[in-house]
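S.K.: Chains as they are written, first to last, in our numbering: chain H, 79 to 299; chain B, 2 to 669; chain A, 58 to 373.
Please note that a few of the clues may not be correct.
[Stated by the list, open to error] Facing chain B, from chain H, some residues (calculated, C-beta under 10 Å):
#1 90
#2 178
#3 184
#4 221
[As the list claims (entries may be wrong)] Here are the simulated distance ranges between beta carbons:
#5 A:227 <-> B:556: 16 to 24 Å
#6 H:152 <-> B:664: 29 to 37 Å
#7 B:556 <-> A:150: 33 to 41 Å
#8 A:261 <-> H:175: 43 to 51 Å
#9 H:260 <-> A:327: 27 to 35 Å
[Said to hold, decoys possible] Each computed EDC-like pair below joins lysine to aspartate or glutamate, with the alpha-carbon atoms no more than 20 Å apart:
#10 B:113 <-> B:73
#11 B:435 <-> A:373
#12 B:30 <-> B:164
#13 B:166 <-> B:308
#14 H:107 <-> A:373
#15 H:165 <-> H:240
If you are wondering where the hints come from, they were derived from the structure by calculation, not from laboratory data.
Glycine residues also receive a C-beta, built at the ideal position from the N, C-alpha and C atoms.
Below are the chains, spelled out letter by letter.
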Amino acid sequence: MDIQITEQIIIMLAALVLLTAFAMLVQRKIYGLISLFMWQGIFLALTTAFVGYIAHRYHLYISAVLTLLLKVILLPYILRMLIIKLKISREVESVVNVTSTMLIGIALVIFSYQLTAPIRQNSAFVAQSIIAIALATVMIGLLMMITRRNAVTQIIGFLAMENGLFFAAISATYGMPLVVELGVAIDILIAAFVFGIFSLHINTTFDSLDVDKMAQLKEDY
Amino acid sequence: MTFYPLDLAAIGLGIIFFLVIFAFIFNKKEKFILNFSFSVMTLVGLLAVVAGIWVVYDASAYIMIFNLGLPELPFHFRLDPLSGFFLATIGLLVLYISIYSLGYVRAFLGHKSIARFIIFYCLFIAGMFMVVLADDALFFLIAWELMAVASYFLVIYEDEKVDSKKAALLYLVMAHIGAISILLSFGVLAGAVGGDMGFGSYTFDAMRSANFPAAWAGVAFFLAFFGFSIKAGVIPVHVWLPEAHPVAPSNISALMSGVMLKTAMYGIIRIAFDIIGVFPWWWGAIVLAFGLLSAVFGVLNALMQNDLKKLLAYSSIENIGIILIGIGLSMMFTSFNMPVIAALALTAACYHILNHAMFKGLLFMGAGAILQTTNEQNMEKMGGLIHLMPWTAFLFLVGCVSISALPPFNGFASEWLTFQAFLLSPVVPTPIVKLIMPIGAVLLALTSALAAATFVKAFGVTFLGRWRGKVVPKNREVGWSMRIGMILAAFTCFLLGVLPTFVINMLGNVSNQLVSASINTNMDKYNWLWVTPIVAQRASYSGTIFFVSIALIILATFFIFRLKRGAVTRCNVWDCGFGGLTPRMQYSATSFAMPLRRIFGGVFSISEHVRLKYRLRVNDRFVNIIYKPIVRLSYFISRQVGRLQQGRINEYLIYSFVTIIILLTFLK
Amino acid sequence: MKILPYILELVQVLILLVGAPLFVGWIRRIKCWLQGRKSPSLFQPYFELLKLFSKDVYLAENASWIFRFTPYLVFGITLLIGAIVPILIIDLPFSTTADVIAIVGLFAIARFFTALAGMDVGTAFGGMGSSRTMMIASLAEPAMLITVFTVSLTSHSTSLSQIVQTLTNNGILATLRPSFVFSLWAFLMIAVAETGRVPVDNPDTHLELTMIHETMLLEYSGRHLALMEWASMMKLFLFISIGKAVFMPWGIAQSGQLLAIPLALFFLIIKFMVIGVILVGFETSLAKMRLFRTTEFLGAALLIATLGMLSYFILE
């Protein structure tokens, strides 16, 4: 394949990752969120594979397969199970003002672009500007955690943030060594389990997954 | 002796001052001086237009020194393409308004002093002419003050209204704060000229040839920008404007909104491009930012108003915003050394100045006509006026269509040029500027869409539907002189929209003077048909073909579907069987704006009144003085600290988020 | 003067006039199939228009000339847009008259006068429709402008013909851009809102409180109503044509290639059939939104369009 076309495809995929991040920011329905997360995983895996191809780092193919397994199949499955257990499958979440959230998101994109300017100049990678996208994805994940109330959607926000970090690693240094990546993958998996168990407990204790309710834990003065 | 355009302008000024004396002497023969003065003012307007256009075509500068004022610093006159353009714009509106005033002012006959009106009217216009002709700081400020004071007296002309006194006082105070700021700016500039020129350093000529230190130039520019912004009603120093315009007589509102605000634009352009000349890009960015702010907030506020003239006043703020966007862009491109694009943006700004003078003048004249016929300014009580005043309705509609930037009228032509300037921003070398530009384009687009909503409201609620007030007005259409004034303005709006190339070519000389480039409007043949700012492949627009084809297609449609006959029957509106649709069931001005008020609710400060409560408590004085404050303070501190720890996960996340961003910003 | 371009121009306008009702018929047919109903003829929209044209006009007693003038204006303007947008072939004689900004302006005139006509008779419904239309437009119009700006940044031109030409010349790489992904998404959202389709408005409903565009037409009858209906069908057709020209320009004939025209026609029909299926798929699977949800929807469209423009600067 032509190098130029591959590059173009990588940039495209990066944009799609960003697009899914924004879509997750405004998606109300929890199933919709999970499928968006799946899509993000798919785009991420594809990016990884293409970067591996263009840079001749073949261990990235393994990373891509790992991403596909973990983020497209396993994690969504766990989340779905969690939702069924918690009986919140049809819940519609109130999102704080969509427009202003998105505005902040756009500001974050500009911010990360400004921030990564020195890195981009030094990087040898062909499509340097996607580092900015990666950083923006991380920040948008964090933003999503801030704006959501439901514990499960916050978990998804966390996972989206991790996606961004993974993406940043790939775009900046062609990915971490395979051992580290495996470790991170297992970490994520365990985190998902722990989160799941916690949410179940939160649900049984408070009869709700709204994290605002946890403010009641605080002593009044 | 050869005859120069500046002589024409001077003759015009002379006639005005003669009229002032004349009105003063014959102040008893009210009807006579009314007819005579306004007829002569029409002539003066025409003189100014001729002088202005002449000098713009000629593309050279004429200088005259008039021995008045300080002995060391006589009055310097100068007429160059920039001031010529403004002179022509002011003159054109003066021409139309004076015709209109022949009818409008007649309503004051008998219960108000006509001579007083005419004297201040003449002085006001003389002030505006002299502002654009002045070539030294002293003369400029004298003219500026004359303009401000004369307009103050015109605003309080109908002094039986309490509102008008308050509004006029606010106007006078703010105008003077602005004037002081401008004075300081000239002082800084003259000081920076240095040398032993004495008063000579106060002439613009000396300033033009001087090289200013960057810091002093910045101080001077922003002082001037602040002062002129107050006059122009740039947000946030706009508060006087929506108060003063509704209370002034309508022909004065038209002049103030149409051309007086533009003298401030003239000041900004003159100081930035002509006198200082060299500046960093962020000056332009600041001008652009204030332009965008004024445009968006102006139009949002306009949309919420129910007072027709207040709506128009806020819309003036919006249009000043659009003009500033053009000026700001032009300044930025100039500082990046891209003269052609700078010329494009400057041409857009100047063209919008002319266009806004025409359609805002027209709209205020229309509002005056409505006011005179119905004695009503509140849109909530109007409706259905299209049946009572068909002429005014049609002309007001032309104004609404023009100001909403709908093709093929003139508002669209200038907004189109501004958009083209925005679209050329990728050539700018600085990345941060590139990223800010799209946001500017979004806000401008939002403004123009909201302006359309505003004027659907203005026209729809006022002229369409049925009369909402208690008593249906008996008066009919206004007199012919008022109609002719409006017809001329409407026709100018139409011409400027359909044949924009002529004026744009003329403005080439203005931009040649200021940024030493002009935009290219040449296609291969028939080049007057198309506006093609850069190259034909990039973008082209032809108002002429546009209008002709719309007209032809509509006519064709009309004849094809109309000739297939079918009778038109008039009948009652279906009322769902309930009987009796009343005018109160119509959508009102408030309800029309409700959805948008809800969307942009955060922008306004909406207050609702709460009932008052009476409460009596007698306290120990010492507790109040000594103990209460201590207790309060400690509570306050602990509450602030306690606020940090709410127990909400989201807030803890916000802390870490903000920390990350701060760290990233400062440690990179 | 060459006569051929003018003939092509005429052909294109005829395609618009004839194709728009046909496309609506096609949409209805697919919808019926999807919902398991028996569908009316593909030509039903023509019959409806014919019926309306043959009826008399009943006019409210206080309707002014604006009310009577608006149908002709709206229809005429829609036709003019049809003469400018490259539906079949680029570089038509009218294409230099107006670029995309002016086309957005033309849609704005039609909307402006429709909203005025809604307020003319002085019923509550008309005013409601006008107010809502202007609300939706005030967000959709800037989004539309930004979308086309993003595309025109790539092709260095705001003229639609030029955009199509640049995109087809540069092959697949030209449309495979991040900024196009965002713009396409925003454009789809706007097109749905502007043409009054589900989930923003429902063209089939006559339930008073939920409808937007229909409320303004409520007092129209006879040929006036026919013209308005026809114009709104053409508007749908034109929005799809603009989207087609910008995002999938393959198959539109270049200037002077007469032989490519049958092929272009073929592509046109295929694309419209496919788009119709997709449109119906969306409409059947979505429910109409609450009115104030639509503002979020459009706000999101505006911001995505902005993001598209930013991503042009960041990524390309």
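S.K.: If a hint holds in the structure, say so; if it doesn't, say that too.
M.R.: Against the structure, the hints:
1. Contact between residue 90 of chain H and chain B, as hinted, is not supported at the beta carbon level, the nearest pair being about 20 Å apart and thus beyond 10 Å.
2. Hint status for residue 178 of chain H: holds, given a least beta-carbon distance of 8 Å to chain B, under 10 Å.
3. With a least beta-carbon distance of about 8 Å to chain B, the hint placing residue 184 of chain H at the interface is held under the 10 Å criterion.
4. Given hint, residue 221 of chain H at the interface with chain B, holds; its Cβ is 7 Å from that chain's nearest Cβ, closer than 10 Å.
5. At about 42 Å, the CB distance of residue 227 of chain A to residue 556 of chain B disagrees with the hint of 16 to 24 Å.
6. For residue 152 of chain H paired with residue 664 of chain B, a C-beta distance near 33 Å keeps the hint of 29 to 37 Å intact.
7. As the Cβ distance of residue 556 of chain B to residue 150 of chain A is approximately 19 Å, the hint placing it in 33 to 41 Å is violated.
8. The hinted window of 43 to 51 Å between residue 261 of chain A and residue 175 of chain H is violated, with their beta carbons roughly 32 Å apart.
9. Here the CB-CB span from residue 260 of chain H to residue 327 of chain A is close to 48 Å, at odds with the stated 27 to 35 Å.
10. Proximity of residue 113 of chain B to residue 73 of chain B is assessed by CA-CA distance (about 43 Å); at most 20 Å being required, the pair is judged violated.
11. At most 20 Å may separate the alpha-carbon atoms for a hinted pair to count; residue 435 of chain B and residue 373 of chain A meet this at roughly 13 Å.
12. With a CA separation close to 30 Å, the supplied pair residue 30 of chain B and residue 164 of chain B exceeds the 20 Å bound.
13. A threshold of 20 Å between alpha carbons decides the hint, and for residue 166 of chain B with residue 308 of chain B the separation of about 18 Å falls inside it, so the pair holds.
14. Annotation: proposed proximity of residue 107 of chain H to residue 373 of chain A is violated, straight-line Cα distance about 33 Å (limit 20 Å).
15. Note on residue 165 of chain H and residue 240 of chain H: the hinted pairing is violated, with a Cα-Cα distance of about 26 Å set against a maximum of 20 Å.
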